[in-house]
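So you can see what is in the structure, the chains are spelled out below.
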Amino acid sequence: MARAYTVRTSNVSVSAVQDLISIQTTSGMVCEIDEMSAGQVTATTVGNLNCSFKRFSGAYSIGSGGTSATPRPHLFGDSAATCTARANDTTQTSGGTSVTLDSDVINVVNGYVKLPAPEDRWSFTLSQAFVWSLDTAPTAAEAMSVKVTFRETV
Amino acid sequence: MVKVDLEFTVIAIHGEGDRATVNSLQKYRDGIEMVRQAQAGNDVPHPSVPDEPPEVTILLRDDLHHSRMEIPVRDWETVEKWKKIAGWDADKRHWQHGAKVKVTVSGV
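Protein chains in written order, with the working numbering: chain A, 147 to 300; chain B, 558 to 665.
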């Protein structure tokens, strides 16, 4: 049975272009992305921020400058995720082969939710990375909370 | 005493291993909460400087039977030990994976 996990950040100061959340499959686990959402509690006027969703494979270097985030299992008592996650990396993931799967805009006042239909979910095979990249810096630092729900499928 | 040695591979490590980063993030969150309380007109004491415990989880796989073992780490002293055992890139603050570790089982 596929195991669901959520990676989240809570009230983190975001003022620069960065990888909001990245998820790396390992050599023994694949995953698919179920849901992505973002919100903030600072800005009160419309600010539209470009973002993109990417797949990295090959000899890429995962981002740094942020934190290692713990994916939380949805089922009580379930095993820890085999995929690993990072958040708020201001040195963004680079190298290897990068494919932009989709681009979108976050209206910071309204918040952001992306919930693909089951047949449209992105899947990631062994030794790949999913990266949710914030491509536009906010005009002023915003306290953002971001989450990605994914499912390990092996 | 009888001991059994088992070889495991570190397949994943979750959680931030840098104490300063964890406390910095919590300090910012405390600030947000202070602002929220002030906006609501609540008089709350100023929070002390945070000293958060780690939330690190080590995920091991038995090389022989492929069974998994999770080791939660909730104190910074043990986190520092795991940095030496598993590997830690201090510049990038990245955990490293793939290290071989030996787990010894014995009676108590």
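For the record, the hints were derived by calculation from the structure and aren't laboratory data.
Check the hints yourself; a few may be wrong.
[What the hints assert, rightly or not] Sample of chain B residues lacking proximity to chain A, with all beta carbon distances greater than 12 Å (derived): (1) I570; (2) R625; (3) D632; (4) E637; (5) W652.
[Said to hold, decoys possible] A few chain A residues that don't get close to chain B, going by computed Cβ distances all over 12 Å: (6) A162; (7) A205; (8) D235; (9) L247; (10) V255; (11) V259; (12) P264; (13) T299.
[As the list claims (entries may be wrong)] Derived pair list, reagent style DMTMM-like, types lysine to aspartate or glutamate, alpha-carbon separation capped at 25 Å: (14) A:K293 <-> B:D575; (15) B:K638 <-> B:E627; (16) A:K293 <-> B:E612.
This structure is a prediction, so every number in the text was calculated from the model and none was measured.
All C-beta atoms, glycine included, are put in the ideal place defined by N, C-alpha and C.
Tested hints:
{"no.": "1", "hint": "I570", "verdict": "7 Å, violated"}
{"no.": "2", "hint": "R625", "verdict": "6 Å, violated"}
{"no.": "3", "hint": "D632", "verdict": "16 Å, holds"}
{"no.": "4", "hint": "E637", "verdict": "15 Å, holds"}
{"no.": "5", "hint": "W652", "verdict": "6 Å, violated"}
{"no.": "6", "hint": "A162", "verdict": "15 Å, holds"}
{"no.": "7", "hint": "A205", "verdict": "15 Å, holds"}
{"no.": "8", "hint": "D235", "verdict": "9 Å, violated"}
{"no.": "9", "hint": "L247", "verdict": "24 Å, holds"}
{"no.": "10", "hint": "V255", "verdict": "17 Å, holds"}
{"no.": "11", "hint": "V259", "verdict": "22 Å, holds"}
{"no.": "12", "hint": "P264", "verdict": "26 Å, holds"}
{"no.": "13", "hint": "T299", "verdict": "16 Å, holds"}
{"no.": "14", "hint": "A:K293 <-> B:D575", "verdict": "21 Å, holds"}
{"no.": "15", "hint": "B:K638 <-> B:E627", "verdict": "16 Å, holds"}
{"no.": "16", "hint": "A:K293 <-> B:E612", "verdict": "18 Å, holds"}
Taken one by one, the earlier hints fail for this structure at numbers 1, 2, 5, 8, listed in ascending order.
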